[in-house]
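Going by the working numbering, the first residue of the sequence shown is number 22, and it counts up by one from there.
By construction, these hints were calculated from the structure, which means they are not laboratory data. None of the values given here were measured: they were computed from a predicted structure.
With beta-carbon atoms standing in for the labels, derived distance ranges:
| no. | residue 1 | residue 2 | range |
| --- | --- | --- | --- |
| 1 | Thr-109 | Asn-72 | 23 to 33 Å |
| 2 | Glu-74 | Lys-162 | 13 to 23 Å |
| 3 | Ala-98 | Thr-141 | 16 to 26 Å |
Below, computed lysine-lysine pairings styled on DSSO-like, alpha-carbon distance capped at 30 Å:
| no. | residue 1 | residue 2 |
| --- | --- | --- |
| 4 | Lys-162 | Lys-224 |
| 5 | Lys-137 | Lys-201 |
| 6 | Lys-162 | Lys-137 |
| 7 | Lys-201 | Lys-162 |
| 8 | Lys-296 | Lys-204 |
| 9 | Lys-277 | Lys-296 |
| 10 | Lys-224 | Lys-137 |
| 11 | Lys-224 | Lys-296 |
| 12 | Lys-296 | Lys-243 |
| 13 | Lys-204 | Lys-224 |
| 14 | Lys-296 | Lys-274 |
| 15 | Lys-201 | Lys-224 |
| 16 | Lys-137 | Lys-76 |
| 17 | Lys-139 | Lys-204 |
| 18 | Lys-243 | Lys-204 |
| 19 | Lys-204 | Lys-137 |
| 20 | Lys-139 | Lys-224 |
| 21 | Lys-204 | Lys-274 |
For every residue, glycine included, the Cβ atom is placed at its ideal position computed from N, Cα and C.
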Amino acid sequence: MKKYQRKLALIMAMVLLIGVIPANAIATEEENTAINTQSTEGEIDFTCGENAEWKLEEGVLTISGTGDMYDYSSTEAAPWVDFVEQITSVVIEEGITTIGDYAFYGCSNLTTVDNKAKITKVGQYAFYYCKQMTGIALGEKLESIGRNAFYYCESLTGVVLPEGLQVIGTEAFSWCSSLKTMKIPSTVSIIEPSTFHACDLTKLELSEGITEIGNSAFRGQKITTLIIPDTVEYIGSYAFWQGNGLTEIRIGKNVKTIGERAFMDCTSLTAVTTKGLQGPIPANAFSGCSNL
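The whole structure should be built from the sequences, with the hints applied where relevant.
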């Protein structure tokens, strides 16, 4: 009798166990589906703007709707923050007008961005540390790029800045070490500090219209010829420090201020020409330029 009771208890335990496992498995499957669809209500917020929404399917994060994206921050992250490691591609559909602050912050596996929208703003830290992203089409309507927007996007190889762009924030492209060429449009008047610090530029075109070049703005580049346009009045400290590829500099006629060590350690520099400076040159502005 006792032997029979033990067998019966064992059978009942197995039945209960079999019943529990599939239920948990089904729940997990439903949770995974909810990450990639808009079917889950009350658990995940699928809005990312007043009239914008998002979805994540098979690694592709799609932003659709109309108007501005919300701005996020280091303390209030985007609603896809828990899934950033899954994101390999971003699609921004036509109708979206801005990319919000911190929108794709830390999406380290993001490789491609398909921007179909006519955006006017890329927010600060928007693509911060998206280190595998290779490129983005910014479009002709862009007016501003926030500080640190593309910081440490070390695989970024091609960016075209459109005419009409007015603001490029501090360190916006800092440590984008795969960038080789850059043209600053005439509608940008101030190049903020460290904007292109530690890029690897071999060609730089500064358009007429720029008035200030900030501290360390182009530190550590490999450009060979630098032409400072006549509209520039201020060149900040360390602006072109460690430009080891520079062999020639032509400075425009309206420069009033050259900062400390602005061209320090440009070891290949052999020629500097000016059209008549409006102010003094610090004694250490060309310090370490051993071939000058």
